[in-house]
Every structure is written in structure tokens, then in C-alpha cells.
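Trainee: Listed here are the chains, written in short residue letters.
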Amino acid sequence: MRRGWFLPLFATLGFGFLYAPIVSLIVFSFNESRLVTVWGGFSTRWYGELISDGQLLEAAWVSLKIATISASLAVVIGTLAAFVLTRFARFRGKLLLTGMVTAPLVMPEVIIGLSLLLLFVAMEGMLGWPAGRGMTTVIIAHSTFCAAYVAVIAQSRLRDMDESLEEAARDLGAGPVRVFFDITLPVIAPALVSGWLLAFTLSLDDLVIASFVSGPGASTLPMVIFSKVRLGVSPDVNALATIIIGIVALAVTVAGILLMRQTRRAR
Amino acid sequence: MSAAPDSPARRKLALSPAMIIAPLVVIALMLVRRWLFLPEDLVLLIGAALLFAFGGFVLGKLVGLPDRWIVIAVPMLWLFVFFLVPFFVLGRISLAETMIARPPYSPLWERGDDGGIEIIASLENYRFLLSDALYVNAYLSSLKIAGISTIFALLIGYPIAYYIARSPEPRRSILLLLVILPFWTSFLLRVYAWIGFLRREGVINNVLTWAGIIDEPLVMMQTDFAVYIGIVYTYLPFMILPLYANLVKLDGALLEAASDLGASPVTTFLTVTLPLSVPGIIAGSMLVFIPAIGEYVIPALLGGPDTLMIGRILWDEFFSARDWPVASAVAIVMLVLVVLPIMWLQSVQNRQEVQE
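Chain order of the listed sequences is A and B.
If you read the first sequence in my numbering, its first letter stands for residue -6, the second for the next number, and so on.
If you read the second sequence in my numbering, its first letter stands for residue 142, the second for the next number, and so on.
To be clear, the hints were calculated from the coordinates, so they are not data collected in a lab.
The model shown is predicted, which means the values in this text are computed figures rather than measured ones.
Just so you know, not all the hints are guaranteed correct.
Unchecked claim - Covered by chain A, according to a simulated footprint, are these stretches of chain B (three or more residues, beta-carbon under 8 Å): (1) 327 to 341; (2) 468 to 480.
As the list claims (entries may be wrong) - Just so you have them, the derived chain A footprint on chain B, three or more residues with Cβ under 8 Å: (3) 181 to 187; (4) 202 to 213; (5) 228 to 239; (6) 261 to 270; (7) 290 to 301; (8) 304 to 314; (9) 445 to 457.
From the three backbone atoms N, C-alpha and C, an ideal C-beta is built for every residue, glycine too.
Start from the sequences, fold in the hints, and give me the full structure.
Mentor: Written out as C-alpha cells, the structure is:
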């Protein structure tokens, strides 16, 4: 299949399209001028401003806490749901659970956010809990929709794994709980790690759902960035983007190298 | 091996690692709560969930229920309360009236004069949605924008996916990593990057003016064009990955056979590669089309005031107009007209795959 120049050229343009905005974002974060797209000389002053921006740092801290806890909860709920759906042949409500696990994946964020907010308001009216909205409500919202993503990943791993291992453990007298923790969990652990990372990223990235269910004092990083960006371009957002892209690029590269080494060893 | 098997009675009470770990988690959370400024009710919620799980487990043992009931109950109950019940609340509030109150809608029932309970529900909000052309247009325009964006994402993503799938190994992994990398960075910041590109004094206008191609800066921001670019750009990785996963499995022998039999590369592509990649095309298109319909951030940041998208209408109805019942009605209509058909389509597709 040597078709000459078309595919390589197109792919190069495609990757250019993917990366040009990111590169310009990074370049202009080192721009002296406040006018983001006019070059005024090299400077790191926006990084300095970023570090002294208390509101942004506070929001980043809130977001990290929310993402960590939500991802952990999502892994627990998602793994349980996936386990139940793949290992239990038939039970009442299986169809309902299948639906509730797959629906969040196709549900527009605005609907998830609005409906959960209305639930929280109604619950507050009837039960007195949650009293107002804040970090807890965001965590509940995030762990619920992230659990669906974790469940999808865990389900495919659970289906692929060799069930005879579990059978062997059962035959040797291990109870179901023991089998799960000694056999199933270690085998599906890599899938759960990637599920956790996905949930963490989704939570850290979410603007829409958090905007609906958050309250005073619990503004997440995307919420603060959005309110800044809405007013136009601002160079400190570029600086922040550069830092985030740097961290992600580093993490992905390290993960990629580890993965490549692993597959090479497996071969 | 002659280790005596646990007697059933002992096995029942054997401490599993989970039974030790779970209370420790709650205690640890309690300890770090103040230090990390975690809300108290969150720790209580997690504690309550764990208590429910273990209480239910022990109770189930005593009553003689199979162990699995609690394993089913925990995810079921969580998703039921925090995913399914909200839709009933949504439906109920879509039947209410807007009121200046906290919360800003009328109650569903009231005590009548004779002491009975009167249920107050009206379809007024839905009638309002139908009577105002804005909402109908917004639904149609969302479908149109999502559809056209999906087609462009496919046209751009297909050759890239094909190129990656045909690349030799070290390069293939690196290119794949390059496709995935933007996905892990912030979605919001990637949309923001385009503001710097498309603005009046943005990169594109600067370059074109400098090159002498245009005299007047092009107006690109706050147009539908910018929204298309934004959607195609942010969702392109979702199109490329399933296409790649499909194309990489393509048997090279088929292509060779076709060309040996005298087919031109174009004919080979149209008669062999393209038909075989239809599942990838469907998967990728769904992954772009579905989130694009309800998109809020992209039209809000890149679109103009006349860019109608239903996610944005819902947002404005809720945050700007503070009309919760109408926002709920918009959501319910979106659910019925857009989400349910997609879910139905997917379940049909899954059933077909299972049959194959």
C-alpha cells in the first residue's frame, strides 16, 4: 500500500491541527504583553501572577480533593456494578442496573447536572440533607457519573479474564469474599487503575455538572477558569494551561515508556 | 496438602480484608478531615454507605439471605438514588410553575380547603416550549451542528487513523500517544486555545495579514464556524481511536489480494477497507455526535449570540432566567427526543453483536 504523498501529508496536517492551538497556548504564556496574541518579548511574569492568585490556587486544591475522592468512590461503585453484572447470571433488577450503568455515558452533562441539583434541593427540603451545596454534592455527582465509565472498563476486563482461576479457588475452599479479594481483584487491578485515572481526569475536567451542583466556597478549577475566560483571553490562563499540559505530557510519556517496556518484555 | 478446610461456621465469621480495611478508611478520613478541610457530611455519607454494606452483610447472614444480595444492593442503591431518582424529580418539576420563592417553583401538592390534597401539575411549560420557535429551532440546530461536526470529524479523522494503523510499530505507538495526549489535558483549555487563534487580533488573522492574503481581519469568533471548529477539534481523538482500533485489525492480505487482482488503490479502499471499517465509523461517530448535541462550553465560548444549541438554552434558562421548571421541561424533551433514541439504537446494536 504505497500511495505516496497523500496520507503522510494529510496526517501531518491533522497532527498540526491537533497541536497548533496547544503550541500557541504555550508560546504566548511566555509573552510579556497582556495582549495574548501580540508578541511583546519573553517573560515569565504570568507564572508569577498565577502563583500569587489565591482564588485560582484555592480552586485547584478543591478540584484535586474532589477528583481524588470522586475517582476512588467511582472505582468502588463501578467495580461492584461491573462485578455484579458479569458474575451474577440473573437477579431481579439486572436490566435496571445495566441501564443505570450505561445511561450516564450517553447522557448530556447539562441534564445530569440539572437533575442532580433538583434532587439535592428536593432532598434538602424533605430530609434536611444535604444542607446547602458544596464539595459533598460535587463529589456525589462526579462519583456517580464516573462510576459508569469505571464500570465499562472493569466489565470488559472481567469478561476477558480467565474464570477458571476463580473456580479453582472456590474448589479449594475459598469463600466468595476471599475469591474476590485474592483472585479477582489482583487480576483486574490494572483495569481499575486506568479506570481511576479516567475518573480522576473526568472529574478534574468537568465544568458543567460542577457548575450546577456546587455551592459557595466550593468553586472548582474549571469554574474559575471559565469565569476568567468568558471575559476574554488572559495570559495567566495560558500559564496555567502550560503547567497542566506539562504535567500531563510528562505523565503520559512516562506511562507510555513503561507500557512499551512491558509489552516488549511480554514478547 | 492436608490443611483442614475451614468449617462452614468459621468461614462465615472469617474476617475478610475488606472488613478490616473499611472501618479503617472511615477512621482515617475522620482524622484527616480537619486537616484537608473535607466536609463532615461527606465522611458521614461514606461511613453510612460502609455501615449499610457491612450491616447488610451481617444481617443477611443472620436472616439467611445469600451473600450476594448486599453486593448487588450497594451499587444498585447508589445509582438508583443519585442517577435514576433525579429524573423523576426533573419530570415533577417540569410540571410545576415558576415562583419567586426558595426553591423557585410551586409545590406539587397543596392542602385543599376541604382538607384533601390537591395535586398541582400542568403541561404549561411544554406548551410554552412548543409555542416559542426559539426552542424548536434550538433542538434542530443542535442536531444540525452535531451532525455536520461529526461528518467533518470523520473526514479528518479517518485518514489520520488509517495512517497510524499502517505505520510501523515504534512510530505507531508514538502517534497514538500523540492522539490521546490532548484528551488528558483540560477540555476547557483546549477550547480556550481557539479563542487565541480565531480572534480578530488572533494568530490566524495575524498570519494571513502578514502574508498579505487578507487586508481586513476575518470575523471568525462568535460564529457558527468557530463552534464547528471547536467541536471537531475537541472530539477528534474520540473519532480517531475507535477507527484506529478497527483499521489496525484489517488483514493486509485482503488488500494485497485486491491489488493482485488488478484493483486500483481507490477501488481497493472503496470495496474492501471502507466496508470493513463501518463498525469503527459508527462507534467513532456516536462518540462525537452524542456529546456534541448537549454541548454547552463550546457554543458559550466560541459561538455568537445567535448560535442556538439546546445545552446552552437549558443553561441560560436555569442560570440567567432562573426558570427551573422551564429548564426541566427542556431537559425532559431532550431526554425523550435525543437520549432515549440513542440508547435504544445502542441496545439494538449490542444485541446484534451478541447474536453475531
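Trainee: Each of the hints needs a verdict: does it hold here or not?
Mentor: Hint-by-hint comparison with the structure:
{"no.": "1", "hint": "327 to 341", "in the structure": "holds (count 12)"}
{"no.": "2", "hint": "468 to 480", "in the structure": "holds (count 7)"}
{"no.": "3", "hint": "181 to 187", "in the structure": "holds (count 4)"}
{"no.": "4", "hint": "202 to 213", "in the structure": "holds (count 4)"}
{"no.": "5", "hint": "228 to 239", "in the structure": "holds (count 4)"}
{"no.": "6", "hint": "261 to 270", "in the structure": "violated (count 0)"}
{"no.": "7", "hint": "290 to 301", "in the structure": "holds (count 4)"}
{"no.": "8", "hint": "304 to 314", "in the structure": "holds (count 4)"}
{"no.": "9", "hint": "445 to 457", "in the structure": "holds (count 3)"}
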